[in-house]
Amino acid sequence: MTTPKADDFAIELKGIDKRFGEVHANRNINLQVQKGTIHGIVGENGAGKSTLMSIIYGFYHADKGEILIDGKAVKITSSEVAIASGIGMVHQHFMLVNTFSVLENLMLGAEGGMVLKNGMSAARDELRRLEQDYSLEIDPDAIVEDLPVGLQQRVEILKALYRGAKILILDEPTGVLTPQETDHLFKILHALKEQGTTIILITHKLREIMDATDHVSVMRQGEMVAHVKTSETNREHLAELMVGRKVRFEVEKESQSVGDCALSIKNLNYVDSQGVKRLKGLNFEVNAGEIVGIAGVSGNGQSELLSVLSGIDDFDAGEIKIGSEVITPDGGQTPFTLRGLGVGHVPEDRHRMGLINQFEAKEAFILGHHKESAYNGKLLQNKKQILDDCQEKMHEWDVRPPNPNLKTASFSGGNQQKLVIAREVEKDPSIFLVGQPTRGVDIGAIEFIHKRIVDMRNQGKAVLLVSVELDEIMSLSDRILVMFDGEIVGEMAGHDADEKTIGLMMANAHTTDAEQEVSQ
Amino acid sequence: MLEFYFNWIVLPMDSMLRLSTPLVLCALAGMFSERSGVVNIALEGKLLAGAFAAAATAAVTGSAWAGLFAAMATGIVLAMLHGFATITHRGDQIVSGMAINILVAGITVILGRFWFGQGGQTPNLQGNARFESIDFIGAEFISNIPLIGPLYSEVLSGHSLMLYLAFVMVPLAWYLLFKTRFGLRLRAVGEAPAAVDTAGISVTWLRYRALIICGVLTGIAGAYLSTGSSTAQFIPNMSAGKGYIALAALIFGKWRPVQAMMGCFLFGLLEAYAIRLQGTEIPGLGTIPVQFIEMVPYVLTVILLAGFIGRANPPKAIGVPYVKERE
Numbered sequence: 001m002t003t004p005k006a007d008d009f010a011i012e013l014k015g016i017d018k019r020f021g022e023v024h025a026n027r028n029i030n031l032q033v034q035k036g037t038i039h040g041i042v043g044e045n046g047a048g049k050s051t052l053m054s055i056i057y058g059f060y061h062a063d064k065g066e067i068l069i070d071g072k073a074v075k076i077t078s079s080e081v082a083i084a085s086g087i088g089m090v091h092q093h094f095m096l097v098n099t100f101s102v103l104e105n106l107m108l109g110a111e112g113g114m115v116l117k118n119g120m121s122a123a124r125d126e127l128r129r130l131e132q133d134y135s136l137e138i139d140p141d142a143i144v145e146d147l148p149v150g151l152q153q154r155v156e157i158l159k160a161l162y163r164g165a166k167i168l169i170l171d172e173p174t175g176v177l178t179p180q181e182t183d184h185l186f187k188i189l190h191a192l193k194e195q196g197t198t199i200i201l202i203t204h205k206l207r208e209i210m211d212a213t214d215h216v217s218v219m220r221q222g223e224m225v226a227h228v229k230t231s232e233t234n235r236e237h238l239a240e241l242m243v244g245r246k247v248r249f250e251v252e253k254e255s256q257s258v259g260d261c262a263l264s265i266k267n268l269n270y271v272d273s274q275g276v277k278r279l280k281g282l283n284f285e286v287n288a289g290e291i292v293g294i295a296g297v298s299g300n301g302q303s304e305l306l307s308v309l310s311g312i313d314d315f316d317a318g319e320i321k322i323g324s325e326v327i328t329p330d331g332g333q334t335p336f337t338l339r340g341l342g343v344g345h346v347p348e349d350r351h352r353m354g355l356i357n358q359f360e361a362k363e364a365f366i367l368g369h370h371k372e373s374a375y376n377g378k379l380l381q382n383k384k385q386i387l388d389d390c391q392e393k394m395h396e397w398d399v400r401p402p403n404p405n406l407k408t409a410s411f412s413g414g415n416q417q418k419l420v421i422a423r424e425v426e427k428d429p430s431i432f433l434v435g436q437p438t439r440g441v442d443i444g445a446i447e448f449i450h451k452r453i454v455d456m457r458n459q460g461k462a463v464l465l466v467s468v469e470l471d472e473i474m475s476l477s478d479r480i481l482v483m484f485d486g487e488i489v490g491e492m493a494g495h496d497a498d499e500k501t502i503g504l505m506m507a508n509a510h511t512t513d514a515e516q517e518v519s520q
Numbered sequence: 001m002l003e004f005y006f007n008w009i010v011l012p013m014d015s016m017l018r019l020s021t022p023l024v025l026c027a028l029a030g031m032f033s034e035r036s037g038v039v040n041i042a043l044e045g046k047l048l049a050g051a052f053a054a055a056a057t058a059a060v061t062g063s064a065w066a067g068l069f070a071a072m073a074t075g076i077v078l079a080m081l082h083g084f085a086t087i088t089h090r091g092d093q094i095v096s097g098m099a100i101n102i103l104v105a106g107i108t109v110i111l112g113r114f115w116f117g118q119g120g121q122t123p124n125l126q127g128n129a130r131f132e133s134i135d136f137i138g139a140e141f142i143s144n145i146p147l148i149g150p151l152y153s154e155v156l157s158g159h160s161l162m163l164y165l166a167f168v169m170v171p172l173a174w175y176l177l178f179k180t181r182f183g184l185r186l187r188a189v190g191e192a193p194a195a196v197d198t199a200g201i202s203v204t205w206l207r208y209r210a211l212i213i214c215g216v217l218t219g220i221a222g223a224y225l226s227t228g229s230s231t232a233q234f235i236p237n238m239s240a241g242k243g244y245i246a247l248a249a250l251i252f253g254k255w256r257p258v259q260a261m262m263g264c265f266l267f268g269l270l271e272a273y274a275i276r277l278q279g280t281e282i283p284g285l286g287t288i289p290v291q292f293i294e295m296v297p298y299v300l301t302v303i304l305l306a307g308f309i310g311r312a313n314p315p316k317a318i319g320v321p322y323v324k325e326r327e
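Chains as they are written, first to last, in my numbering: chain A, 1 to 520; chain B, 1 to 327.
For reference, chain A alone in the conformation it holds in the complex (with noise of 0.2 angstroms):
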């Protein structure tokens, strides 16, 4: 391989480092992005990747090293001068006014001039032409909240361009889209690559790097462990690079005979508080020491299902039999009840229903068990037991780090899980409701969760997973479920589960009758 020039590169990074107090989230970073190529930056969640390029963004500034673009030293001091420097950035969490129209939030700080009204013409005009050139449609008046989430990612994009990025960094974009609007945003990146950009595409999800990208650049523990082309890289090597040691993608679980039926669901309907019918008439069972796995794109019904068998919701006709107990509509159920019927519970957003944020970990560890006698004394809570529980569980999860008196939301999304989920398995539920257990969880901790949820359906507990992850459905689930539109309008076994055939069933393009007469 030849040795490219200096300013063959779009952007290179020499000796950057960075501290939050204790912290040293960037050690000594180099990094050589190079023109018109899509750059890939792997790592698990808190190995630095954002503080990075938050850095060349001018979000935070470097403790020590150099940004070169173009071969030239830059100072960026802030994000006026990155993005006077070319840099655009697409955050994860997007950065548009939601009130705003596409158009207001493209002009944020570029306005063109004291009154908007000549700025605002103007900026219609460089969209129309954005539009034409990238193939980016969007209507500029629609209100940015109005707009479905691929929509709004696009008018990052459009924001990013309108400011003249030649330098495009996208972090973890995909982590919102359905798999379609994943294709499609690909499509985007690569049209905007033969246009010329440079894009630098941070994400976990190696699938994508192999997909997407030209190089790929893997960060552990905010260093930077190696460069390699995609091409000559492979999904496995990349994953041990993250995580520091080989990780089987494949989960092992040996085939078991299942036990009875323990969760039982007979005309299953919802009706939503805005009139919506979100479950439509469904049955099915869940026997013990089965995995049962809902596949389906997100928003079928899906979320609702989880939110009635846990009682959170209330159904409208029907029932459901746990165990030998039969629960009615206005059965008078919560989730404090079910719960001592054996069901447990991780909820699909852990940030929203799974933990209080601001909670110590010790005490979102006994979130919904904080009646029970263990941890209570007689006026006051017990909190040694508590703590000493936490504790307990902190180290035979691997929760990292293991200290009960942190706050919830410092733990990274992977910890975070593991809480959740062992608080619940800890209670040695009989019905196991888990809901994306994976979502925005790193490899190793991945790899982990999967064993512990085979590890219960192998002690005869039935599980429930609810995922969008086709791929952790298919390897977990001894029987899968598909839903579309409230219903469910697939099954099949899991060890016969072919990609293609549920994505059809997903998207309800299959024809097969007799599988619309599942699970009777």
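No lab work stands behind these hints, which were simulated from the structure alone.
Every residue gets a Cβ at the ideal spot worked out from N, C-alpha and C, and that includes glycine.
Mixed in with the good hints, there may be bad ones.
[Unchecked claim] Straight-line alpha carbon distances no greater than 20 angstroms define the calculated SDA-like cross-link-like pairs of lysine to any residue that follow:
{"id": "1", "chain 1": "A", "residue 1": "Lys117", "chain 2": "B", "residue 2": "Leu176"}
{"id": "2", "chain 1": "B", "residue 1": "Lys179", "chain 2": "A", "residue 2": "Ala142"}
{"id": "3", "chain 1": "B", "residue 1": "Lys324", "chain 2": "A", "residue 2": "Val23"}
{"id": "4", "chain 1": "A", "residue 1": "Lys117", "chain 2": "B", "residue 2": "Trp174"}
{"id": "5", "chain 1": "B", "residue 1": "Lys316", "chain 2": "A", "residue 2": "Asn98"}
{"id": "6", "chain 1": "B", "residue 1": "Lys179", "chain 2": "A", "residue 2": "Asn98"}
{"id": "7", "chain 1": "A", "residue 1": "Lys117", "chain 2": "B", "residue 2": "Tyr175"}
{"id": "8", "chain 1": "B", "residue 1": "Lys179", "chain 2": "A", "residue 2": "Met120"}
{"id": "9", "chain 1": "B", "residue 1": "Lys179", "chain 2": "A", "residue 2": "Arg124"}
{"id": "10", "chain 1": "A", "residue 1": "Lys117", "chain 2": "B", "residue 2": "Thr180"}
{"id": "11", "chain 1": "B", "residue 1": "Lys179", "chain 2": "A", "residue 2": "Gly113"}
{"id": "12", "chain 1": "B", "residue 1": "Lys324", "chain 2": "A", "residue 2": "Glu80"}
{"id": "13", "chain 1": "B", "residue 1": "Lys316", "chain 2": "A", "residue 2": "Arg352"}
{"id": "14", "chain 1": "B", "residue 1": "Lys324", "chain 2": "A", "residue 2": "Ser410"}
{"id": "15", "chain 1": "A", "residue 1": "Lys280", "chain 2": "A", "residue 2": "Ser264"}
{"id": "16", "chain 1": "B", "residue 1": "Lys179", "chain 2": "A", "residue 2": "Ala122"}
{"id": "17", "chain 1": "B", "residue 1": "Lys324", "chain 2": "A", "residue 2": "His61"}
{"id": "18", "chain 1": "A", "residue 1": "Lys117", "chain 2": "A", "residue 2": "Arg128"}
{"id": "19", "chain 1": "A", "residue 1": "Lys75", "chain 2": "B", "residue 2": "Ser202"}
[To be verified] Partial list, derived from the structure: chain A residues whose beta carbon lies under 7 angstroms from chain B:
{"id": "20", "residue": "Ser79"}
{"id": "21", "residue": "Glu80"}
{"id": "22", "residue": "Ile83"}
{"id": "23", "residue": "Met95"}
{"id": "24", "residue": "Leu96"}
{"id": "25", "residue": "Val97"}
{"id": "26", "residue": "Thr99"}
{"id": "27", "residue": "Leu108"}
{"id": "28", "residue": "Gly109"}
{"id": "29", "residue": "Glu111"}
{"id": "30", "residue": "Met114"}
{"id": "31", "residue": "Val115"}
{"id": "32", "residue": "Leu116"}
[What the hints assert, rightly or not] FRET-style restraints, in silico, Cβ to Cβ:
{"id": "33", "chain 1": "A", "residue 1": "Leu367", "chain 2": "B", "residue 2": "Gln259", "range": "40 to 48 angstroms"}
{"id": "34", "chain 1": "A", "residue 1": "Gln132", "chain 2": "B", "residue 2": "Val320", "range": "37 to 45 angstroms"}
{"id": "35", "chain 1": "B", "residue 1": "Thr88", "chain 2": "A", "residue 2": "Lys500", "range": "55 to 63 angstroms"}
{"id": "36", "chain 1": "A", "residue 1": "Asp455", "chain 2": "B", "residue 2": "Ile303", "range": "57 to 65 angstroms"}
Given chain A, put chain B in place with the hints provided.
Relative to the frame of chain A, chain B by itself:
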């Protein structure tokens, strides 16, 4: 009939304009502050401080204009104090605001006693030390035209300069907020400060500027209370909750200038009728107790805020200090 029209339509409307002037200025002040994401419960304190500064300065210098500038300066100083606590040091905005209110309620009385020795009041302002009312051209003549005449000569004409200033501020504020670069950024910073920051704009400086505008407007409102209205002196606690009512009107108007002004009019009109009704015999009901009438605007405030205006969507980032996120 004509007498009824004059007493129950014309005069209350005249009072309404006078009574809603400080409300309109304060509501606009609050709008700039809150649109930038800083809760401003300190309007009350700034209003009172402005009133004191204006009256005290006018009493000493003999110039109402000097008083006005002193009031604006005081408003800015207090706004900067609020900003220093809440923007720079990310303190709680409600606590800081309340602290300012309490501080001002006390310090104005102490300084007033110390300087003027009249139990906290300032001397009655005469001549150039107060803003005289301005009569419109031909007011005398037009007042003879039935129905419309009194509206011109009584309602519109004959107020102090600051009242007119207040109502000119409304379209100006609207223009600034919705038609200029500053306005766009201001609205953005109250909704999504991170978006503003990543667009290369300083969140801190924007919020400080919003607070400066807020200080100036509350200063004018204070000067109106003590040098521009019929009172013409400072009286302890003369703001009497107007800052809070202005805040209510702002919410009522959903943080929009013209609608907020309408809210101020409504509260002004209620107060005007409350004053009118005092001691008046109502057929079938007799004399309504003064206390009851005085209560009406506040009760209506609660009812209106509770049910009639629908959901008020405040700026999303309101009350939240901006901290750059860290992974």
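Just to be careful, I want the Cα atoms of Lys179 of chain B and Met120 of chain A compared with a cutoff of 20 angstroms; is the pair within it? 10 angstroms, holds
Are the Cα atoms of Lys316 of chain B and Arg352 of chain A separated by 20 angstroms or less? OK: Lys316 of chain B and Arg352 of chain A at ~18 angstroms, within 20 angstroms.
Against chain B, run the beta carbon of Gly109 of chain A and see if the smallest gap drops under 7 angstroms. Status holds, d = 3 angstroms.
Could you say whether the range 55 to 63 angstroms given as a hint is met by the Cβ separation of Thr88 of chain B and Lys500 of chain A? 58 angstroms, holds
Below or equal to 20 angstroms on CA atoms is what counts here, so check Lys179 of chain B against Arg124 of chain A. 16 angstroms, holds
Can the hint on Leu96 of chain A be confirmed by a CB-to-CB distance to chain B that is less than 7 angstroms? With a closest approach of 6 angstroms, the Leu96 of chain A hint holds.
20 angstroms Cα cutoff - pair Lys117 of chain A, Trp174 of chain B: Holds. Lys117 of chain A to Trp174 of chain B sits at ~14 angstroms (cutoff 20 angstroms).
Given pair status - Gly113 of chain A, Lys179 of chain B, alpha carbons within 20 angstroms: Within the cut-off at roughly 11 angstroms; holds.
Tell me if the interface restraint on Glu80 of chain A is satisfied: Cβ within less than 7 angstroms of some Cβ in chain B. 3 angstroms, holds
Are Lys316 of chain B and Asn98 of chain A close enough, with their CA atoms no more than 20 angstroms apart? At roughly 9 angstroms apart (the allowed maximum being 20 angstroms), Asn98 of chain A and Lys316 of chain B satisfy the hint.
Please verify whether Lys179 of chain B and Asn98 of chain A have alpha carbons no more than 20 angstroms apart. 19 angstroms, holds
CA of Lys117 of chain A to CA of Tyr175 of chain B, is that 20 angstroms or under? 11 angstroms, holds
Hint compliance for this structure: every hint is met.
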